[in-house]
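Kindly produce the complete structure, drawing on both the sequences and the hints.
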Amino acid sequence: MSSPNTPYVIGHGTDVHRFDTARPCRLACLEWPGEAGLAGHSDGDAAAHAACDALLSAAGLGDLGSNYGTDRPEWAGASGAALLAETARRVRDAGWAVGNVSVQVVGNRPRLGARRAEAEDAMAAAVGAPVRLSATTTDGLGFTGRGEGLAATAVALLYQP
Numbered sequence: 001m002s003s004p005n006t007p008y009v010i011g012h013g014t015d016v017h018r019f020d021t022a023r024p025c026r027l028a029c030l031e032w033p034g035e036a037g038l039a040g041h042s043d044g045d046a047a048a049h050a051a052c053d054a055l056l057s058a059a060g061l062g063d064l065g066s067n068y069g070t071d072r073p074e075w076a077g078a079s080g081a082a083l084l085a086e087t088a089r090r091v092r093d094a095g096w097a098v099g100n101v102s103v104q105v106v107g108n109r110p111r112l113g114a115r116r117a118e119a120e121d122a123m124a125a126a127v128g129a130p131v132r133l134s135a136t137t138t139d140g141l142g143f144t145g146r147g148e149g150l151a152a153t154a155v156a157l158l159y160q161p
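FYI, our numbering numbers position 26 of the sequence shown as 26, with every residue one higher than the one before it.
The hints are all genuine.
Derived CB-CB ranges, DEER-like:
1) 71 to 92: 20 to 30 Å
2) 5 to 34: 45 to 55 Å
3) 159 to 34: 31 to 41 Å
4) 142 to 5: 38 to 48 Å
5) 139 to 161: 39 to 49 Å
6) 160 to 34: 41 to 51 Å
7) 160 to 139: 36 to 46 Å
8) 73 to 141: 28 to 38 Å
9) 118 to 23: 14 to 24 Å
10) 74 to 140: 31 to 41 Å
11) 93 to 7: 17 to 27 Å
12) 104 to 65: 19 to 29 Å
13) 5 to 140: 44 to 54 Å
14) 60 to 100: 15 to 25 Å
Don't read these hints as lab results, they were simulated from the structure.
Computed from a predicted structure; not experimentally measured.
Positions of the beta carbon are idealized from the N, C-alpha and C atoms, including for glycine.
Dropping the structure here:
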């Protein structure tokens, strides 16, 4: 737990989901028509979920599972945007302000470049603070390289207002 004199804290989050062709693809608070969806209790939005984990971690509020896990049926099917907005509210209620969030998606598809600004705006609207999004591949290695799913990592900076 941070001390009362700690003006800044950083949190890190990671999320991974396998592809599920029976679901629509939701990633970075956007829908991606024509792309395979992501399996999960909620909408499988790995980018939003990693951002939530980073925010919760920084604020000392647990993680995605302890806040919205499979034992919480009210969050079944929830959108990444809804989870991000609720997480940001909880962080603010805990006395923190969000400085920014940075998210990196790891996988081959969907290709984020053409919609990066739109995704950043959608995520930032949910968080109420700047969000930056990047993407990379693993050059064919591992489950993301084989096209079995996506991973995302995120860091969040919080400060005392």
